[in-house]
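Participant: What follows is the residue order along each chain.
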Amino acid sequence: MAYTPDKPKLAENSEQLRARIPGWGADLDPKDRPSVPREQFDPTFGGAHWEFPERQPERWPRERSIEHAFLTPVFGTSCPPKGLSGRIRRYSYAKYSEGRAAHWLLLLASDRVDAVESTLRSFVSRRPDNPITETGVLSEGRRHGLSSRRGRRSDKVHHPLDPIIVAAPWVLGAGLVYAVVRRVRG
Amino acid sequence: MRAMTYRGPYRVRVEEKDRPSIEHPNDAIVRVTRAAICGSDLHLYHGMMPDTRVGMTFGHEFVGVVDEVGGSVRNLKVGDRVMVPFNIFCGTCFFCARGLYSNCHNVNPNATAVGGIYGYSHTCGGYDGGQAEYVRVPFADVGPSLLPDWLDEEDAVLLTDAMATGYFGAQLGDIKEGDVVVVFGAGPVGLAAAASSWLMGAGRVIVIDHLDYRLEKARTFAHAETINFTEYDDIVVHLKKLTEHLGADVAIDAVGAEADGNLVQHVTAAKFKLQGGSPIALNWAIDSVRKGGTISVMGAYGPMFSAVKFGDAMNKGLTLRMNQCPVKRQWPRLLEHVRNGYLKPRDMVTHRIPLEHIAEGYHMFSAKLDGCIKPLIIPS
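Those protein sequence lines, which keep their order, are chains A and B. Mapping to the numbering used here: the first sequence position 145 is 178, numbers consecutive. Mapping to the numbering used here: the second sequence position 18 is 23, numbers consecutive.
Extracted from the complex, chain A is given alone in its bound form (with noise of 0.2 Å):
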């Protein structure tokens, strides 16, 4: 035990746990393990033949961290900033390091602007959002949603929480434009 020099003895020596466990020990030797060390030198192992890779065009202003010296040579093209959202997004990367606090809650923040601007976007589009297909809440009834949540679950007790999160922006909106149209009819 802890207060003297031994180490608690197993239940098992490793004799028995190599004949109940299939494979045990097979790594018991870390040359055998393939992040040991963390480190190895081998620029050839990956099938790479550049040493700096060709340059993706740039087919719009890309934003990047400010922690960069330049723009990487390959990038991704989803989604490119728009609307305020996008404005927003653009500040953060311009202005702040990954260092410090505001980038994140900046882009936190643009995220949720984003999802605002884009359900508005989707009410004049053939495809308007629909907060129940799009939640998967009938998943609820088909998956056992109920008995799913029964017995002990440490979870259980903020599980009401996420339908509020999830349908307040649609119920603030919803008042939104109800107090819009009151103020409008006078």
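Treat the hints loosely; a few may be bogus.
[Stated by the list, open to error] Below, computed lysine to any residue pairings styled on SDA-like, alpha-carbon distance capped at 20 Å:
(1) A:K40 x B:D179
(2) A:K189 x B:T235
(3) B:K246 x A:D39
(4) A:K40 x B:K245
(5) B:K181 x A:L43
(6) B:K22 x A:R160
(7) A:K128 x A:L104
(8) A:K115 x A:S158
(9) B:K181 x A:S47
(10) B:K296 x B:H250
(11) B:K82 x B:P153
(12) B:K373 x A:S187
(13) A:K40 x B:K296
(14) B:K82 x B:E28
(15) A:K40 x B:D292
(16) A:K40 x B:E182
(17) B:K82 x A:H82
(18) A:K189 x B:Y237
(19) A:K115 x B:G60
(20) B:K276 x A:P202
(21) B:K296 x B:A318
(22) B:K181 x A:G58
(23) B:K373 x A:H191
(24) B:K349 x A:G56
(25) B:K321 x B:H250
(26) B:K181 x A:R53
(27) A:K64 x B:G183
(28) A:K115 x A:R92
(29) B:K349 x B:W155
(30) B:K373 x A:I198
(31) A:K189 x B:V269
(32) A:K115 x A:E150
[Said to hold, decoys possible] Ranges between beta-carbon positions, derived for each pair:
(33) A:V213 x B:D157: 54 to 62 Å
(34) B:M319 x A:G184: 36 to 44 Å
(35) A:S155 x B:E182: 55 to 63 Å
[As the list claims (entries may be wrong)] Here are some chain B residues pointing at chain A (derived, C-beta under 8 Å):
(36) P30
(37) R79
(38) A102
(39) L105
(40) N113
The hints are simulated quantities; they were obtained by calculation from the structure and are not laboratory data. Where is the CB? At the ideal position from N, CA and C, for every residue including glycine.
Since the structure of chain A is provided, determine the placement of chain B on it from the hints.
Facilitator: Quick look at chain B alone, frame taken from chain A:
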């Protein structure tokens, strides 16, 4: 093509999107045959990861068939069946040259602190992911590997992240013969880490979770002892009692940002996004491992600060080791273990969901309904 798209926190749908195109000479376009939802996708789904944009396609675990290759691709051809690591990496930057593929410096303009990951927000590079019919695969000569004929496709898709990450996590624990290993979290990564700990000579493996159906899987899949932490007033004290008050030699955090077990930590992090993650499992690991022990962090956390108990970690002289898994480096040895029957990744799969029903898949996985441990996505 049909693709999952993010619509805002807790909302996804399937949309018609343009098929991805070759944007760099070493790109390939892969037709996805199997994908998966990862536990870390839930951090995006819940709106926890900064710069997760509406319209993005998630999915960093996928396998498929090469549909098109760029002009400089030498190692792949159209029709090849490939498994694609979740890391996007160039192979030659300072970090890749040292085997740190998950830390590649040439693929993520948005952040220097993390490499490129498919479908994992713009913080991880802004690449669309594989929960779709097609996906763009950059550095096709470097990342993907041909699927061996003997390898089942469902085993392969789990080798692209969950199984490899768990195996890597056990390695970071620096396990020695006879060590006591405690794994927090009985999700796919925790199950993989527990099973892998035996390969490295663990003398005892204990898995902690609050979901009984997952602990049952830990007993059958990973031959582990299990504890439901909700049955104990203080799981740290219970673990001390189980180890004659020494503590475990190694603790593995396979939970990450949305850990349960402390309402304040969970709600401030997962619901109100005031922390980068809820470090409950990590704090339990710090407090329950023995002095001088090692903690391996495989759970994913956001880039913001989290309330971690570093004082205890320092006073106990702990070694904290962590990284995103450099997947391709694990494959040669990991494939041997799968072929020998030591590891059986597809035994973790509980659901196979058509892409069109992915919104229900996300809800089910997020709310832990229907005994869900690992849902696969079938694009067509």
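Participant: Can you confirm whether the C-alpha distance between B:K246 and A:D39 stays at or below 20 Å?
Facilitator: 16 Å, holds
Participant: Decide if the proposed pair is consistent with the structure: A:K40 and B:K245, CA atoms, cutoff 20 Å inclusive.
Facilitator: Cα-Cα ~13 Å, so holds.
Participant: So, as I understand it, the hint says B:L105 touches chain A; can you test that by seeing if any CB pair is closer than 8 Å?
Facilitator: Hint holds; B:L105 Cβ to chain A Cβ min 7 Å, cut 8 Å.
Participant: Holds or violated: are the alpha carbons of B:K181 and A:L43 at most 20 Å from each other?
Facilitator: Status holds; Cα separation ~14 Å.
Participant: May I ask you to test the hint 36 to 44 Å on the CB atoms belonging to B:M319 and A:G184?
Facilitator: 38 Å, holds
Participant: For a C-alpha distance cap of 20 Å, please report whether A:K128 and A:L104 respect it.
Facilitator: 16 Å, holds
Participant: Starting from A:K189, check that the Cα of B:Y237 is at most 20 Å away, please.
Facilitator: 16 Å, holds
Participant: Are B:K181 and A:S47 close enough, with their CA atoms no more than 20 Å apart?
Facilitator: The given pair, whose Cα atoms are some 12 Å apart, holds under the 20 Å limit.
Participant: Given the hint that B:K82 pairs with A:H82, test it: the Cα-Cα distance must not exceed 20 Å.
Facilitator: 17 Å, holds
Participant: Keeping to a limit of 20 Å between CA atoms, is the pair of A:K115 and A:R92 held or broken?
Facilitator: Between A:K115 and A:R92 the Cα gap is close to 15 Å, so the pair holds against 20 Å.
Participant: For the pair supplied as a hint, B:K373 and A:I198, confirm whether the alpha-carbon distance does not exceed 20 Å.
Facilitator: Status holds; Cα separation ~18 Å.
Participant: For A:K40 and B:E182, compute the direct alpha-carbon distance and say whether it is at most 20 Å.
Facilitator: Since the Cα atoms of A:K40 and B:E182 sit roughly 12 Å apart, the hinted pair holds (cutoff 20 Å).
When the structure is compared with the earlier hints, no violation turns up for any of them.
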